[in-house]
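Engineer: One letter stands for each residue in the lines below.
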Amino acid sequence: MPALDFTKVFLAWDQLLFGAWMTILLTAVSGALSVVLGVLLAVGRTAANPWLARPVSFVIWVVLGTPLLLQLFVLYFGLVGFGIDLSAFAAGVIGVSLHYAAYNAEVVRAGIASIDKGQGEAARALGLGPLQTLGLVVLPQALRRVTPALGNNMIALLKESSLVSAIGVMELTLSAQRMISETFRPFEFYIAAGVLYYLINLVLEAGLRRIERGPRAGLDARPAPRAAGPVTAPAPRP
Amino acid sequence: MDIDLIARTTPFFLQAALVTIAVSGLSMLLGLALGLLAALCRLSANRFVRWPATAYVSVFRGTPALIQIFLIYFGGPAIGINLDAFTAGVIGLGINIGAYMTESIRGGIVSVDKGQGEAARALGLHPLPTMFLVIMPQAARLMIRPLGINAIALVKGSALVAAISVVELTFTAQRYLSSTYQPLEIFLVSGALYLAITTAMNRGIDWLDRRYAIKTART
Numbered sequence: 001m002p003a004l005d006f007t008k009v010f011l012a013w014d015q016l017l018f019g020a021w022m023t024i025l026l027t028a029v030s031g032a033l034s035v036v037l038g039v040l041l042a043v044g045r046t047a048a049n050p051w052l053a054r055p056v057s058f059v060i061w062v063v064l065g066t067p068l069l070l071q072l073f074v075l076y077f078g079l080v081g082f083g084i085d086l087s088a089f090a091a092g093v094i095g096v097s098l099h100y101a102a103y104n105a106e107v108v109r110a111g112i113a114s115i116d117k118g119q120g121e122a123a124r125a126l127g128l129g130p131l132q133t134l135g136l137v138v139l140p141q142a143l144r145r146v147t148p149a150l151g152n153n154m155i156a157l158l159k160e161s162s163l164v165s166a167i168g169v170m171e172l173t174l175s176a177q178r179m180i181s182e183t184f185r186p187f188e189f190y191i192a193a194g195v196l197y198y199l200i201n202l203v204l205e206a207g208l209r210r211i212e213r214g215p216r217a218g219l220d221a222r223p224a225p226r227a228a229g230p231v232t233a234p235a236p237r238p
Numbered sequence: 001m002d003i004d005l006i007a008r009t010t011p012f013f014l015q016a017a018l019v020t021i022a023v024s025g026l027s028m029l030l031g032l033a034l035g036l037l038a039a040l041c042r043l044s045a046n047r048f049v050r051w052p053a054t055a056y057v058s059v060f061r062g063t064p065a066l067i068q069i070f071l072i073y074f075g076g077p078a079i080g081i082n083l084d085a086f087t088a089g090v091i092g093l094g095i096n097i098g099a100y101m102t103e104s105i106r107g108g109i110v111s112v113d114k115g116q117g118e119a120a121r122a123l124g125l126h127p128l129p130t131m132f133l134v135i136m137p138q139a140a141r142l143m144i145r146p147l148g149i150n151a152i153a154l155v156k157g158s159a160l161v162a163a164i165s166v167v168e169l170t171f172t173a174q175r176y177l178s179s180t181y182q183p184l185e186i187f188l189v190s191g192a193l194y195l196a197i198t199t200a201m202n203r204g205i206d207w208l209d210r211r212y213a214i215k216t217a218r219t
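Sequence lines, in order, name chains A and B.
FYI, in the numbering used here the residues of the first sequence are 1 to 238.
FYI, in the numbering used here the residues of the second sequence are 1 to 219.
In short, the hints are calculated from the structure, not lab data.
Check the hints yourself; a few may be wrong.
Which stretches of chain B does chain A cover? Using the computed rule of at least three CB atoms under 8 Å from a CB of chain A, they are [as the list claims (entries may be wrong)]:
{"hint": "1", "stretch": "132-144"}
{"hint": "2", "stretch": "159-171"}
{"hint": "3", "stretch": "195-206"}
For clarity, every value in this text was computed on a predicted model and none was experimentally measured.
We treat Cβ as the ideally placed atom computed from N, Cα and C, and that holds for glycine.
Work out the full structure, taking the sequences as your base and the hints as a guide.
Structural biologist: What follows is the structure, given as structure tokens:
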């Protein structure tokens, strides 16, 4: 059994850090896109018009029911057949964003459903149009409620972004593999990559907790205000 | 639409689907065993029992499953563990999903009213019979949905073993994609098989949940 030797890992530190940086970039771009697209899909799915709601539900069903890796392969290796030659990075961002947009859509849909119907009715009664009602009244409350669930999806996205290494996007997993093919030290480099993922994960989790605790978070969860002052004194008896 | 290609590849995809089911099923069993063990450890009063289980959950949920599978398959030989791709894939997926299942199982156990355990102890049951005869049967009903969601995620996650060349659905799809460049047909067949498995599981979980969920006013 050969002895473990981490010196090669330290010598290739800059390569791994570059990979880690690309993973962060990929997560940030796909994460932002997936939230925006997820909200659009959720709105489409809850639309009253079945010509919009049905196809959107179908897309979400297909995307959530099949593996991300398969979707990435189809996007990257498959679309060439239609004359669409996506770069690996573009295919990776599109695949990861679309996959997590479907997850986010389910979360946001649940958020929209949890908002009291009276909110929408009151907004309409005050003369707001349907889009204004949705965008200014319902969605802001729904999104605040589902922030923790969206955050969990972002943490999952960070880890699943490693799959884009399979289509050749140079991020943390692939840069570890690249160094392994030079140094023949798979154990050491996968441990190092794992440590870096774990650290990024910790930072992301801390950041998400801050957002959840932010000044505007949890407004809906606030307990009902109590009556000020002491409980009413018993009425004096005549 | 190339019907001929679909007809020609379907038998191979069906065979690959069986491998996907085998990989998912075996790693599910491993994950359940690990999850149950780690959940019980996490609930232990002894911190030396609790700590390793907490570390297991944190490390394996905090790093990508793909890295874990690569570490076992490619890194294993460096520490004297030589496994074939299928076994390495099953172990990697099982250890990974086990960390998620730990939390689902623990969640189910702690949701059972504390009085149940206290009453069992007061009636003279020892800690282990209390756990397995009184708490677990009630907790199991609460775990149906969370564990079911894990199981569906596992079927989709089993695609990762394609990266270590296990010939399952995604690996087969990739091989045909890079030889035929016909994404529509390939995705139609492979995607339909995945959707059949995941949709059937969804239905099954809904049925189990309706059948066994504890119907009380408690939420």
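Engineer: Now, for every hint given, state plainly whether the structure supports it.
Structural biologist: Right, here's what the structure says about each hint:
no.	hint	verdict
1	132-144	violated (count 0)
2	159-171	holds (count 6)
3	195-206	holds (count 3)
When the structure is compared with the earlier hints, a violation turns up for hint 1 alone.
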